[in-house]
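Chemist: The lines below spell out each chain.
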Amino acid sequence: MMQQHTTSLDIETPGSGLHEVTARIRDWTAKAGVQTGLLTIFCQHTSCSLLIQENAAPAARRDLETYFARIAPEDATRYEHDDEGPDDMPAHLRAALTQVQLSIPVMEGSLALGRWQGIYLFEHRRRPQARTLALHLLGK
Amino acid sequence: MMQQHTTSLDIETPGSGLHEVTARIRDWTAKAGVQTGLLTIFCQHTSCSLLIQENAAPAARRDLETYFARIAPEDATRYEHDDEGPDDMPAHLRAALTQVQLSIPVMEGSLALGRWQGIYLFEHRRRPQARTLALHLLGK
Amino acid sequence: MMQQHTTSLDIETPGSGLHEVTARIRDWTAKAGVQTGLLTIFCQHTSCSLLIQENAAPAARRDLETYFARIAPEDATRYEHDDEGPDDMPAHLRAALTQVQLSIPVMEGSLALGRWQGIYLFEHRRRPQARTLALHLLGK
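Protein chains in written order, with our numbering: chain A, 819 to 958; chain B, 819 to 958; chain C, 819 to 958.
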């Protein structure tokens, strides 16, 4: 019989950059004991986001961070909105360019991630933040 | 017992920009009476898109609109495709950079949106358009 | 009664660019015989991605390819990561800017795609690649 599981995953980010959350999400999914299903990860914030990317080469992650800092730079002269500081508006832009939500099939009891795929919380604010991901798993 | 609900949401956009649809989507979801589930919003167009963003500061929305107009500008010299006018190809590009689909968990009878998150239809064409979002809700 | 269907779709890409997969995905979905449901497409790679875009004008697809080549260009001086060649890091960036996953409602036995929407595998590597999409369909 089809079942649903939900939880909130609290994540303390140490500052801007890609923070891997694959293991925590895989562990929670495994515990639910679902063989076939669909896992949805939903980021409840507008200044951090989700990204599935290369999990092997740290240089690839650094290039990703540098790239998003370049296409949506901190620059006080560009933005009207700066209530929370100069890193706030670029954070919203970098979040808009990436993902607020990811759904990953569960097959044979495991997330159907490719061999080189890791799940990352992409923190776009400079300072440490307390973040929450809502998880929803459906299956049997 | 798990149930499915579907509808088509018609939206008249007054021109380019971020148009909030949170209340309409929340109301439809609430009426379905689902306690735990997954709501999927699917945009049936290629020149407008979906975005979850900051719902408090109008300046943040203006900066988002300005940003996407800058990274995917109207510029006849850049694009081969202009069958529907100079705002058509940039519209496809801005749609490609944002979302055609969003899935949001339903927990305790409500969409699991963060406090500052609003759901927006991002119209990329200049003139008013008739748009349709397909909604699918699964849960119980 | 709610059912789940899963498969892996193997796709040989001939090189970089947008490769339409709508017919293959529509055919598999139709065979499952689901009237109402949710189809999820998950790309198991980090150097190609998914995009729903205009299916009528080839010029629009060429402009999309040109655009992503321009905003995330090949340029050895920009990137630290080049283990797999100069087209590798731009491929990760173009994948990060588009989609790793798409969920599409099924209504009245068909994918709820808009009239002008096609589903594309966006290959970002230059050489032919063997790619896999994980498909998950839920419904009845």
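By construction, these hints were calculated from the structure, which means they are not laboratory data.
Hints should not be assumed to be uniformly reliable.
No copy labels: a pair is met if it fits in one copy or bridges any two.
Stated by the list, open to error - Derived pair list, reagent style SDA-like, types lysine to any residue, alpha-carbon separation capped at 20 Å: (1) K849 <-> L931; (2) K849 <-> L929; (3) K958 <-> H823; (4) K958 <-> T854; (5) K849 <-> E892; (6) K849 <-> R880; (7) K958 <-> H837.
Fair warning: this is a prediction, and the values are worked out from it, not measured in the lab.
Chemist: Is it within, between, both or neither when you check K849 against L931 at 20 Å Cα-Cα?
Modeler: within (17 Å within a copy, 25 Å between copies)
Chemist: Could you place K849 and R880 in one of the four classes (within, between, both, neither) given a Cα distance threshold of 20 Å?
Modeler: neither (32 Å within a copy, 44 Å between copies)
Chemist: Please sort K958 with T854 into within, between, both or neither, judging by C-alpha distance up to 20 Å.
Modeler: both (6 Å within a copy, 16 Å between copies)
Chemist: Tell me, please, which holds for K849 and E892 at an alpha-carbon limit of 20 Å: within, between, both or neither?
Modeler: neither (41 Å within a copy, 43 Å between copies)
Chemist: Given identical chains, is K849 near L929, meaning Cα to Cα at most 20 Å, within a copy, between copies, both, or neither?
Modeler: within (12 Å within a copy, 24 Å between copies)
Chemist: Please work out whether the CA atoms of K958 and H823 approach to 20 Å or closer within one copy, between two copies, in both situations, or in neither?
Modeler: The answer is both: 10 Å in one copy and 12 Å across copies each meet 20 Å.
Chemist: At most 20 Å between alpha carbons: which applies to K958 and H837, within, between, both or neither?
Modeler: Close neither inside one copy (30 Å) nor across copies (33 Å); limit 20 Å.
Hints 5, 6 and 7 from the list above are not met by this structure, while the remaining hints are.
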